[in-house]
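> Generate coordinates for the entire structure from the input sequences, incorporating the hints supplied.
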Amino acid sequence: MAILAGAPPAIVPVVFERSPGYWATVWRKLRRDKVAMAAGFVVLLLVLLAVFGSYITPADPFKASMLSRLKPIGTAGYPLGSDELGRDMLSRLMMGARLSLFMGITPVLAAFFLGSAIGILAGYAGGAVNTAIMRTIDVFYAFPSVLLAIALSGALGAGITNSLISLTVVFIPLIARVAESATVQVRGREFVEAARASGASAFTIVRVHVLGNVLGPIFVYSTSLIAVSMILASGLSFLGLGVKPPQPEWGLMLNTLRTAIYTQPWIAALPGVMIFITSISFNVLSDGLRSAMDVKQ
Amino acid sequence: MSPTPDDPLVLVRDLRVTFTGGRAPVQAVSGVDLTVHRGEAVALIGESGSGKSVTLRALLRLHSPKRTVMEGTIRVVGQDVLALGGRALADYRGKVASMIFQEPLLALDPVYTVGKQIVESILRHENVSATDARKRALQLFERVRIPSPERRLDAYPHEMSGGMRQRAMIALALACNPQVLLADEPTTALDATVQIQILLLLRELQRELGLAIVFVTHDIGAAIEVADRIAVMYAGRIVEEGPARTLIRAPRHPYTLALLQSRAHGALAKGSRLQTIGGSPPDLAHLPQGCAFAERCRFAADACLATQPPALELAPGHQARCLRTEATAAAANAVTAMA
Numbered sequence: 001m002a003i004l005a006g007a008p009p010a011i012v013p014v015v016f017e018r019s020p021g022y023w024a025t026v027w028r029k030l031r032r033d034k035v036a037m038a039a040g041f042v043v044l045l046l047v048l049l050a051v052f053g054s055y056i057t058p059a060d061p062f063k064a065s066m067l068s069r070l071k072p073i074g075t076a077g078y079p080l081g082s083d084e085l086g087r088d089m090l091s092r093l094m095m096g097a098r099l100s101l102f103m104g105i106t107p108v109l110a111a112f113f114l115g116s117a118i119g120i121l122a123g124y125a126g127g128a129v130n131t132a133i134m135r136t137i138d139v140f141y142a143f144p145s146v147l148l149a150i151a152l153s154g155a156l157g158a159g160i161t162n163s164l165i166s167l168t169v170v171f172i173p174l175i176a177r178v179a180e181s182a183t184v185q186v187r188g189r190e191f192v193e194a195a196r197a198s199g200a201s202a203f204t205i206v207r208v209h210v211l212g213n214v215l216g217p218i219f220v221y222s223t224s225l226i227a228v229s230m231i232l233a234s235g236l237s238f239l240g241l242g243v244k245p246p247q248p249e250w251g252l253m254l255n256t257l258r259t260a261i262y263t264q265p266w267i268a269a270l271p272g273v274m275i276f277i278t279s280i281s282f283n284v285l286s287d288g289l290r291s292a293m294d295v296k297q
Numbered sequence: 298m299s300p301t302p303d304d305p306l307v308l309v310r311d312l313r314v315t316f317t318g319g320r321a322p323v324q325a326v327s328g329v330d331l332t333v334h335r336g337e338a339v340a341l342i343g344e345s346g347s348g349k350s351v352t353l354r355a356l357l358r359l360h361s362p363k364r365t366v367m368e369g370t371i372r373v374v375g376q377d378v379l380a381l382g383g384r385a386l387a388d389y390r391g392k393v394a395s396m397i398f399q400e401p402l403l404a405l406d407p408v409y410t411v412g413k414q415i416v417e418s419i420l421r422h423e424n425v426s427a428t429d430a431r432k433r434a435l436q437l438f439e440r441v442r443i444p445s446p447e448r449r450l451d452a453y454p455h456e457m458s459g460g461m462r463q464r465a466m467i468a469l470a471l472a473c474n475p476q477v478l479l480a481d482e483p484t485t486a487l488d489a490t491v492q493i494q495i496l497l498l499l500r501e502l503q504r505e506l507g508l509a510i511v512f513v514t515h516d517i518g519a520a521i522e523v524a525d526r527i528a529v530m531y532a533g534r535i536v537e538e539g540p541a542r543t544l545i546r547a548p549r550h551p552y553t554l555a556l557l558q559s560r561a562h563g564a565l566a567k568g569s570r571l572q573t574i575g576g577s578p579p580d581l582a583h584l585p586q587g588c589a590f591a592e593r594c595r596f597a598a599d600a601c602l603a604t605q606p607p608a609l610e611l612a613p614g615h616q617a618r619c620l621r622t623e624a625t626a627a628a629a630n631a632v633t634a635m636a
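Chains A and B supply the protein sequences, listed in that same order.
Here the numbering used here is used: position 152 in the first sequence is 152, and no number is missing along the way.
Numbers in the numbering used here are just positions in the second sequence, counted from 1, shifted up by 297.
No lab work stands behind these hints: they were computed from the structure.
Don't take each hint at face value.
[What the hints assert, rightly or not] Which stretches of chain A does chain B cover? Using the computed rule of at least three CB atoms under 8 Å from a CB of chain B, they are:
| hint | segment |
| --- | --- |
| 1 | 187 to 199 |
| 2 | 211 to 218 |
[Claimed, not checked] Non-contacting residues of chain B with respect to chain A, defined by C-beta distances greater than 10 Å in every case (computed):
| hint | residue |
| --- | --- |
| 3 | T315 |
| 4 | S327 |
| 5 | S345 |
| 6 | A430 |
| 7 | Q503 |
| 8 | A541 |
| 9 | R542 |
| 10 | R570 |
| 11 | H583 |
| 12 | T604 |
| 13 | T622 |
| 14 | E623 |
| 15 | A628 |
Positions of the beta carbon are idealized from the N, C-alpha and C atoms, including for glycine.
The structure is reproduced here in structure tokens:
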């Protein structure tokens, strides 16, 4: 009893800096990750290209010329050569960033909201509701993503909107599963019981504690899907189910240039290189985000 | 209905908690009576699986309603806890009775600052502004003696030390001025020097705020330090209950005696073997007909195996559920004489 019997122990006033917020901490950790920062820089460039690309193209990306078809890389006036209709590859690649990124990000964003909602609902409700929702999800999950995307796009008909819808449907099960397992995990954690013990309603627990702990991981997982979405969207365009010519989109360009693969293999590969750079940048960035957002437990 | 000051704040009668989730129903608590008055601290002690945590959680109805059957009476500050539903139950939790958890690192949400969690709890129960709630949180932090409280409010749980976190947890539990504080092994996760500080803090808060405290512990030392009364639980029943000093000096249930003898106390000669209790606790899905401890008890007689021993009032406030209290008393006296 003697420890605190007398005066309370003197508290030495120490001047602390204010504790930084969550996102400030994440940013600080992310900045130390050189690879992720490089990937982030590439992503930023691509986004800028997507927004402003059409204003800064050196040539008209739609202007065809029968005389200058499949010029090799480095030809005067065609820094990255020309395609099978004699259009400037550099301009088309720059402009293609817009549609390709749009096709990569939009379905993932839509699936992020819908899939999270479905997964959190299933995970928190548990029991029969969980079984009903998750088994339905499993049916979709059982199809290979490419097959499902092609089947849906084929059924809905070609076009950008329809391929966005089909890609969203492809991603919802993936995200819902991650959301469900994260929610189940959080639901069993002691702080949820502690919240209940301090009078929080089920709605408050979902809104504050489940969302707060689950959205981070789902978000990170979703960013890694952007690359997949881009590739799938390119695949749909390649098959003629997505973007229609003459719109420049990397997947479609890959498709139309495939005939040139024996004559100008480097040019035919260029859209693929863009897809590769974009998807790897998103993947590396999301990996970096994942480790930066990992709050010490 | 306003309870008079003399009414007990916690009144538990014949509480039975059965978990029905598994193959066979498990009788985790089978007939617990407990009374706690204002300004009184009661410790529930016993080994793992004795039902002490289950009893504590039952007081807040934290068990899953789907897989738990609760019978008996629980009255806390005049409210029939088992009859509360939905909104009323949520209002009761945290406002009338609140709980301190064993491991504050797990019981605090890692993605919010501690201050935000306290403010959240205050706003849930009281109609005050966020600014006032934060002021109250700051006062609470001062009250539980957290150094540089202003800064600590903005800290995340993982940024605090263990003792600090438990203080924050206590502040969170006290946020809405509850009358009953439940503590589930509040010091088990802490190191020894911090344990005593937390216990003394609890004791001090209890005196100043007139709280009724029910706490669960493995640690008899902690129980003696804080509790006015100790209830020893075994296989879902309180086998002995009495004033802390009486219970320690003159145990009358063989299990209490065995527990006391099996700790490493000061009188233990160097090199001598620590006494243990042989055997293991009974399967709660198949409780024996007679005394649950009889199988491991050195004083057990045939009568012990036949029926459940009734509670025997040995002195005012000191009860034991045992047929062989005299044999136990003799053995206890022998031990005391030796020491």
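> Each hint: holds or not?
Each hint, compared with the structure:
no.	hint	in the structure
1	187 to 199	holds (count 10)
2	211 to 218	holds (count 3)
3	T315	holds (20 Å)
4	S327	holds (24 Å)
5	S345	holds (17 Å)
6	A430	holds (13 Å)
7	Q503	holds (14 Å)
8	A541	holds (14 Å)
9	R542	holds (14 Å)
10	R570	holds (31 Å)
11	H583	holds (28 Å)
12	T604	holds (38 Å)
13	T622	holds (32 Å)
14	E623	holds (35 Å)
15	A628	holds (30 Å)
Checked against the numbered hints above, the structure breaks none of them.
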